[in-house]
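*Asks:* Please arrange chains B, C and D on chain A, whose structure you already have, making use of the hints.
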Amino acid sequence: METLTTVFFYLMSILAISALFGMIFSSLKKSILIWAFILFCALGGIYFLLNMSFVGAFQILVGAAGTLCLVAFLMFLTPEKINRAGVCFKARIFISIFSILLIFLSLLWAIVDNYLASVLDFIITINKNGLLNVVDTIGESIIGNYAVVFEVTAVVILLVIVGTAMVGVFKRNEESR
Amino acid sequence: MNILSILALIFSPAIAALLILSPVFPNNEIKIRRFAKTFGILHFIYSMLFLLFFNPTNFGWSYQKELTFLNTSWLKTLGVTATFGMDGISLVFVLLTSFLIMIALVASKSMIRTKHRIYYSLVLVLETAFLGVFCAKDIFLFLLFWELQLIPIYFLVSQWGDKTSSYSAMKYVVYTFVASMFMFLGMLVLYFYSFSISGVLTGDIESLSMSESVFALWFQAFIFFCLLLGFAVKIPIIPFHTAVAKAQVEAVTPVSMLMAGVLPVIGEYGIIRFNMGLFPEVFNYFAPILIIFGVVNIIYGACLALAQTDIKKITAYAGFVQTGFALIGLGALTELGFNGAVFQLVIAGLIISGLFMVTGVVYLRTKTREVSALGGLSQVMPICMCLGFIICFGAVGVPFTAGFIAKFMNLSGLILSDIEPQKFIVSMAVVSAIGLVLNACYILYLFHKTFFGSVLSQFKAESVQYDEDGNEITVVYPKRGITKSEIIVLSLLGIAIILFGIFPNALLDIFQVTSDVILDFMKV
Amino acid sequence: MLEVSGFLINSSFAMLLLPLWVAVMIILNAAVPFVSSRKLTLNLSLGVSLIGIIFSVCALYFCLFSQNAAAENNLLWLNTGDLRVSLGTLVDGLSAVIMLFFSVIFFLVQVYSYGYVKEEKNFHRFFIFLNLLNFSLTGLILSSNLVQTVIFWELSGVFVYFLINYWYTKKSASDAAKKTYLINKIGDAALLLGVIGLIYFSVIFSSAENMILLSYSNLQFTAETLYSMVSGKTFLIIAMLPVFGAMTKCAQFPFHSWVVDATEAPAPVNAILQGVIPVATGGLLLMRLYPLFVLSTEVLAWLKIVGCISALVFAYVAMSQNNIKKIFAYSTASQLGLFFVALGIGAYTGAGYFLISHGVLKVLLVLTAGVVVCSMDNENDIKYWGGLRQSMPGVALIFLLGSGALSGLLFSGFCANTLLLANFYLQDNFIWTVVILFVFFMSAYYLFRVYFLVFEGEKSKIELKKVSNYMKCPLCFLVVISIAMAFCYKKVFASLVYFVSLEQVSLSDGGKVVMLFILLCAVYITFRLYMSPYSKFMLIKERVLNKENLLYKLSYNCFYIEEVNKFLLDKFLMKFCRFVDFIDKYIVNGVVVILGLTTRVFSYLVSKLQNGNVQSYLAYSVFILAAIMVVIVGIYLLGSLVGV
Amino acid sequence: MSVIFNIGLYHYLILALILFCIGLWGVIACKDLIKVFLCVNLMMFSAALNYSAYAVYVDPEKINGVVVAIFIIVFGIINLVVSAALLISVFKYKKNLDVEKITDIKG
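The listed protein sequences correspond, in order, to chains A, B, C and D. Take 242 as the starting number for the first sequence in our numbering and just add one per residue. Take 287 as the starting number for the second sequence in our numbering and just add one per residue. Take 162 as the starting number for the third sequence in our numbering and just add one per residue. Take -18 as the starting number for the fourth sequence in our numbering and just add one per residue.
Isolated chain A, as found in the complex (with noise of 0.2 Å):
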């Protein structure tokens, strides 16, 4: 099983990460492609990996699917032809290029010389002394067993389609500017 594990996560790894080539392309129509299916399908994958198949399955589903649906959607709302070109190649590109390096490298530093361990047990030990239960308290306080969570995603998305049909379909006032 260890080996099948490592195999399934490098699989995945490679597979999210040459995600990376969806903003390189210019067209839009390939990118998301590439986005929805490699990138969300192999975060679905990792999800499963980790014994959490129900938020796999669940980042499976919004991700390839309603990304896929709203980009379309979003493609034939901004039908523009030309000059979909991906990145731009400034001086501010290389130095966030460098500074994204930096940002990396240190904080994989963190991660390999234990650093964010020893923070993690720090944080561990005032969680065994109940003094951080955040997610819990809020959760319990709250909403109460997770239950109504969902019901209040649920409202919210509601509210945001809304929202955003509002957004889209009314004309913007354009002496108002």
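For the record, the hints were derived by calculation from the structure and aren't laboratory data. Don't take each hint at face value.
What the hints assert, rightly or not - Covered by chain D, per the in silico footprint, the following chain A stretches (three or more residues, Cβ under 8 Å):
#1 245 to 259
#2 303 to 312
Unchecked claim - Listed below are the simulated DSS-like cross-link pairs for lysine-lysine, each with C-alpha atoms no more than 27 Å apart in a straight line:
#3 A/Lys331 to D/Lys76
#4 C/Lys746 to B/Lys449
#5 B/Lys735 to C/Lys394
#6 D/Lys75 to A/Lys270
#7 D/Lys12 to A/Lys271
#8 A/Lys270 to D/Lys82
#9 D/Lys82 to C/Lys769
#10 A/Lys271 to D/Lys75
#11 C/Lys622 to C/Lys732
#12 C/Lys340 to B/Lys735
#13 A/Lys271 to D/Lys73
#14 A/Lys270 to D/Lys12
#15 C/Lys487 to B/Lys735
#16 A/Lys270 to D/Lys73
#17 D/Lys82 to A/Lys331
#18 C/Lys331 to B/Lys735
#19 B/Lys653 to C/Lys332
#20 A/Lys331 to D/Lys75
#21 B/Lys709 to C/Lys394
#22 A/Lys271 to D/Lys76
#23 C/Lys727 to B/Lys735
#24 A/Lys331 to C/Lys769
#25 B/Lys653 to C/Lys746
#26 C/Lys626 to B/Lys735
#27 C/Lys732 to B/Lys735
Keep in mind the model is a prediction, meaning the values are calculated, not measured. Cβ atoms here follow ideal geometry from the backbone N, Cα and C, with glycine treated the same way.
*Replies:* Coordinates of chains B, C and D only, in the frame set by chain A:
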């Protein structure tokens, strides 16, 4: 005794200001002016009552009172309370402030022509800010009122001053604000550090002064200089004076009277209350620096004044010279010098605002501030000259005016000082005596150029004309080129200067016990 | 009699405040427009002076015949810190004599002033300030301690300023007033410093309540204590500073120019300035503090040097002046120089007598000149005068007597000059004796030159005005006083004004004859030069008194001292002030402006970053985040490297 | 080698970190607004992954990773939906979605 509420004393001007601003109040300039003037006079009488019931042998705080919100203190969790109180020194300065505000309100009659409603309310708000600084017993309360001054001053200078006054008002506010940020830093460091030592969060001046001696000396010095910078810009001590001088020159006369009269007092009050009261050791160590600052103020200010051709500028620099003498007295660390410094501050407030009033009266009539364009005004406005000369000789330091006593006390306080080496003290005394001569030079230069010699042709008219906003208005001044309100202002100032010159102990006895307490603390 | 005078002396505070009260009364009198009466003003002021005379006569009597020679009353005035200043009165021999001199002269000057300013618009103002000056000088003469002296000393300067400034619309008058005040302010500052030094030692010396070293009544003790307590240098400085104060008031060498410029003032003021002020301020202070000076030979030498320079230089300058008022001004400076020399040589009593005699005679001469100038319609230049003896013989006689007395031929001037000469001669000071004789010679020359030019010779064409009798009467009284003074030296003066350790000497008859001979020589030369066209003298006159001659030019332009002063003031002080102003404007203010500009430039640069592109903003924040991260990691790594 | 092949907490963390950085870079570098918002989404998902990994490996009893992960995913989608609406209105106004050309907040 119950009628003497310090809260009423401090906040009643602000309430009066709100009343003037409120739509209920009739928008009639005469009514507004009369209301403000009456309020100023009543407020002065009220503050005189505080003097009447004051026990000069009481060495602590009198009239102490805490302002509470919903039965808890102001910022209870931070240990900051809104406690007000007066000791002898505060009381003297409160009286001075109330007096000068009254004077300025009376003087505003002929000087202010527009936007009366806002003007008078701003002056009254300014009074609250001044009084709050003198009576605050908590460093953050002190800071609150300290910064509150800037708002009215900005508008008063920029809206009613000369053409370029909005620039100088901006410069003044920014300059002062930057300096007071250092002061704020010092206060915060003090506050938290004393918390880390004593374990009690408190902003109370008295409790803070108890915990100082455990600080490291360099650390005390750091806070000391942060605070000193904030006060130095207010006074102003010479390298930090440019913005202040410009604002004083370009503001309208009553405002420059207030700025030159009260702000130095506030600055030096801060030095007395914080630098002396909180850091006795460091103050002992750095007192010579204060003396040097004072001497520089005297000599440099006098030289600057001698080189000017603008009567208001000369007056502004004269103010620096006057405060320089007070700095010498503070630095000397003797009882005589300290009393002399406080005395000098009060007197300088009277003298400099008087000088500003004289130049303001001249400027209003002649529309020019250049000495070359003035001359022979003694024949056009003799009463102004007579009253001006009392103030002028007060500034020069003639005996039987209060200026002499103050300068005499400061100089002899300096000589009596224990600061080593002796040669330093003696040379400083000699240099400031030279400053006395220079002081006389520029003040007489100012008065001679303005009032004496043959009268210039443009001033010969019976009634002096002047225009405002391009409109030619002819104002016939009732008697000898000066209005009644201006006579009242100048003569009140003159009377005060001569009165304290003849009976100096009338003023000295109010705060002598308090200064003894402060100096005893310094010796610990 | 003794009891009456004792009572009067004990109520001397009233004496001090009386002139002040009269000044207030005159103000009230002047303020009421229709009722105000000039006669009332005059009578009030004269009444005060009269009371002053009575008081001082009583004081004199008291001091002569009472057992305790001094009476002191003190009132604690300023009480703060270590400082206890009391105002009070001290009546001893010196102050009684000077008080008598002052009140008599002041009485006469006031009578004269009434005639002088009778027609002026600002009549009352003149008398108000005269009374205030009376107040300040009374306070000064009767002062019981040094602080009080400083106070009234400066106060008298102020009222002198106002009196000189009487015609303030005239620019020269107001400038002269300013100059007088400022030059005197230098002396004030010096005196103040000296007194503050004494306060220091007073506090150090005694923890007692009173400032023991400042009081005049135990000055001998003060001097000895101070001399034993402090180093020689400090003692010298403390003793020297009051000398500087006295030098300004007595118009000594570097500080003389005010007395010359102040001739712009009305004649009575001029008389007060030249006759009364030096006696009541500078002279009195020097004689009071003499116990201090005696202990230090440097101070005495300084007195001698300053006095000698002034006496010689100003006598020489006075010889060629044409403005009559300026001649008397220079003469004052020169004569007071002699007073300084006399004090320096140790002739205490003689110097005092000389000072007072000079005061009386100088007032006489200046007032007489005032009468003449008034009648000549304010023409000051003696070149345009001449032959006035025919039209005003009385005035001419008085002037002749006055100049004779001042030069030392007659009356009190003779006594005073012989006293000085005796002191010089008997101390085997040959050079000093020659110097002083030379000065006498020159004084006789310039005084008689004035007389001959003004009253003898051709009659001038200027029409004479009538002069009121108020102005003429005091002159006669002054002559009488001078005569009377000549007789009361030994019995009254010498027994009141003396210094214990110095013995009093008098000149032998031979010396008197020599002195008279020299003075008469001077008068003869003057007479020959200006009156008779004797060929040899005319030759000398043409040679020496030539505008091109260097000696004459030096004398006429007062050795160019004024020019040098002006140069120093304009080129040095004002340049320095402008330089300071430049620094202030461009460097001190410049730093502030530059700081402001830097902020502006920086904010401009930063606002350029604000290009509206959201991604750029994100890039900045990411960059900053990276920087923070690197710093944190760096600190951590550094810590682990160091081994914490 | 065992470090590489024994999949543990750190592997997931590093994966999440890589994805996060990719997302960050995409947000800064993409010219198309749609892609920018997709990248924001990616960053959120990587955070969710990070959280889930911690939940599983550190304290599965107390920290309920499932709920939080679902929350994050849901809000990520909501984010996307809202941004889609905004994009449409922006497009209506500007007639394009090029980030370089939308500079209304220029200072």
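*Asks:* Compare the structure with each hint and give your call.
*Replies:* A quick look at each hint next to the structure:
Only residues whose beta carbon comes within less than 8 Å of a beta carbon in chain D count, and the region 245 to 259 of chain A has 6; three or more means the coverage holds. Given a C-beta distance limit of less than 8 Å, the hint that chain D covers the region 303 to 312 of chain A holds, as 6 residues qualify and 3 suffice. Pair hint A/Lys331 plus D/Lys76 holds up; C-alpha atoms about 24 Å apart against a cutoff of 27 Å. Among the hinted pairs, C/Lys746 with B/Lys449 is consistent with the structure: their alpha-carbon atoms are about 20 Å apart, no more than 27 Å.
A hinted pair counts as satisfied when its Cα atoms are at most 27 Å apart, and B/Lys735 with C/Lys394 does not qualify at roughly 43 Å. Of the supplied pair hints, the one linking D/Lys75 and A/Lys270 holds, its CA atoms being roughly 22 Å apart against a limit of 27 Å. Restraint check: the Cα-Cα separation between D/Lys12 and A/Lys271 comes to about 16 Å, which is no more than 27 Å; the hinted pair holds. The hinted pair formed by A/Lys270 and D/Lys82 meets the criterion: a straight-line CA distance of about 22 Å does not exceed 27 Å.
A threshold of 27 Å between alpha carbons decides the hint, and for D/Lys82 with C/Lys769 the separation of about 17 Å falls inside it, so the pair holds. Restraint check for A/Lys271 and D/Lys75: satisfied, since their Cα atoms lie roughly 25 Å apart, inside the 27 Å limit. For the hint pairing C/Lys622 with C/Lys732, the CA-to-CA distance comes to about 44 Å; that exceeds 27 Å, so the pair is violated. With a C-alpha separation of about 14 Å, the suggested pairing of C/Lys340 with B/Lys735 holds against the 27 Å cut-off.
Note on A/Lys271 and D/Lys73: the hinted pairing holds, with a Cα-Cα distance of about 24 Å set against a maximum of 27 Å. The suggested pairing of A/Lys270 with D/Lys12 holds, with an alpha-carbon distance near 15 Å, which does not exceed 27 Å. About 26 Å separates the Cα atoms of C/Lys487 and B/Lys735, which keeps this hinted pair within 27 Å; it holds. A C-alpha spacing of about 21 Å is found between A/Lys270 and D/Lys73, which places the hinted pair at or below 27 Å, so the restraint holds.
For a cut-off of 27 Å, the pair hint linking D/Lys82 to A/Lys331 stands: about 14 Å separates their Cα positions. A threshold of 27 Å between alpha carbons decides the hint, and for C/Lys331 with B/Lys735 the separation of about 12 Å falls inside it, so the pair holds. Annotation: proposed proximity of B/Lys653 to C/Lys332 holds, straight-line Cα distance about 23 Å (limit 27 Å). Of the supplied pair hints, the one linking A/Lys331 and D/Lys75 holds, its CA atoms being roughly 23 Å apart against a limit of 27 Å.
Our distance criterion of 27 Å between C-alpha atoms is met by B/Lys709 and C/Lys394, whose separation comes to about 13 Å. Only pairs whose Cα atoms come within 27 Å are accepted, and A/Lys271 paired with D/Lys76 is accepted, the gap being roughly 22 Å. Between C/Lys727 and B/Lys735 the CA atoms are separated by roughly 18 Å; this keeps the pair inside 27 Å, and the hint holds. Note on A/Lys331 and C/Lys769: the hinted pairing holds, with a Cα-Cα distance of about 16 Å set against a maximum of 27 Å.
Distance check on the hinted pair: B/Lys653 and C/Lys746 sit about 24 Å apart at the alpha-carbon level, within 27 Å; holds. Proximity of C/Lys626 to B/Lys735 is assessed by CA-CA distance (about 35 Å); at most 27 Å being required, the pair is judged violated. For a cut-off of 27 Å, the pair hint linking C/Lys732 to B/Lys735 stands: about 20 Å separates their Cα positions.
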